[in-house]
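The residues making up each chain are set out below.
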Amino acid sequence: MNISSSDVILLSHAGFGVTGCMAALWVFVEALNARPENAARIRTAAFVAAVCIAAAWICGGYWYVHFYPPEKDLILKGPWPFAHNLFMETKEHLFFITAILALLLPIATRENLYSNATARKLVLSIALLIAMTGLAVEGAGAVIDHGVKVALLHGESKGAR
Amino acid sequence: MDSRIGSLPLKLTAATSGFVLAAAITALFNTALAWTKDAYAPLKVFMKSLTGHDWTTHGLVDLLLFVGLGFIFMHTKVAEKIDPNRLIGVLIGAVGIAALGLALWYAFF
Numbered sequence: 021m022n023i024s025s026s027d028v029i030l031l032s033h034a035g036f037g038v039t040g041c042m043a044a045l046w047v048f049v050e051a052l053n054a055r056p057e058n059a060a061r062i063r064t065a066a067f068v069a070a071v072c073i074a075a076a077w078i079c080g081g082y083w084y085v086h087f088y089p090p091e092k093d094l095i096l097k098g099p100w101p102f103a104h105n106l107f108m109e110t111k112e113h114l115f116f117i118t119a120i121l122a123l124l125l126p127i128a129t130r131e132n133l134y135s136n137a138t139a140r141k142l143v144l145s146i147a148l149l150i151a152m153t154g155l156a157v158e159g160a161g162a163v164i165d166h167g168v169k170v171a172l173l174h175g176e177s178k179g180a181r
Numbered sequence: 003m004d005s006r007i008g009s010l011p012l013k014l015t016a017a018t019s020g021f022v023l024a025a026a027i028t029a030l031f032n033t034a035l036a037w038t039k040d041a042y043a044p045l046k047v048f049m050k051s052l053t054g055h056d057w058t059t060h061g062l063v064d065l066l067l068f069v070g071l072g073f074i075f076m077h078t079k080v081a082e083k084i085d086p087n088r089l090i091g092v093l094i095g096a097v098g099i100a101a102l103g104l105a106l107w108y109a110f111f
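Chains as they are written, first to last, in the working numbering: chain A, 21 to 181; chain B, 3 to 111.
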């Protein structure tokens, strides 16, 4: 088995990202039924979402800066150049919006959601936006990964001929 | 016994409303900066010279803008004067426009 630091960092990035999205969904579900009893749980879940998305930012950023350039070259020479030109370019900038929303979530959950319908609506909106943009970013990651795969397969099949 | 307390529509605190407005502005700024550095290469080169990669600089600028504007809006209570429901609409609209703006830009340019 040969697992490189690049693999660990990349999978940590994806893992933290998914966990952050799941924590945001946890906030959404708890906030739907906000009560004094689950106020602390909502704040904990919001904190988990913020920490996980921040960790995804650090891991993803490190991998993108240090390990992505050779993969980018492969993608651009392969049959799916849009995996970089559209999906990676959109993902790497859309992620900043998800991250800002994740940092906003713990601030918004300091409100008393069980007695303030407006604050509850705000938290529901932020949590849903994090989940939607976060999952879009995750999906784009899968397309980028496939862009590398088809480029490698394309190169191998050309080499075999 | 149902312990739910009646949910009355209330205002948001200065901190929450300030940071919500800051997030909406940062989301739009993020997309505008992505367009600008993509269209104007010298800006990308300058951003790269600051931290070693334009993407790193981009993220730090977004973060500083969000935190900076958030504290300014919190202390000046500017965002608190905006109707909270309108503020939520502004945030959703800003994120939607910013996300669509990124996807369309990279799809067509």
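No lab work stands behind these hints, which were simulated from the structure alone.
Quick caveat, the model's predicted, so the values are computed rather than measured.
Built from N, CA and C at the ideal position, the CB exists for glycine as well.
Be aware that a few hints might be false.
[Unchecked claim] Label pairs and their in silico Cβ distance ranges:
(1) B:99 / A:170: 30 to 38 Å
(2) A:130 / B:70: 15 to 23 Å
(3) B:87 / A:60: 20 to 28 Å
Evaluation of the provided hints:
The hint said 30 to 38 Å for the Cβ distance between residue 99 (chain B) and residue 170 (chain A), and at roughly 32 Å that hint holds. A beta carbon spacing of about 20 Å between residue 130 (chain A) and residue 70 (chain B) agrees with the range 15 to 23 Å that was offered as a hint. Separated by about 27 Å at the C-beta atoms, residue 87 (chain B) and residue 60 (chain A) satisfy the suggested range of 20 to 28 Å.
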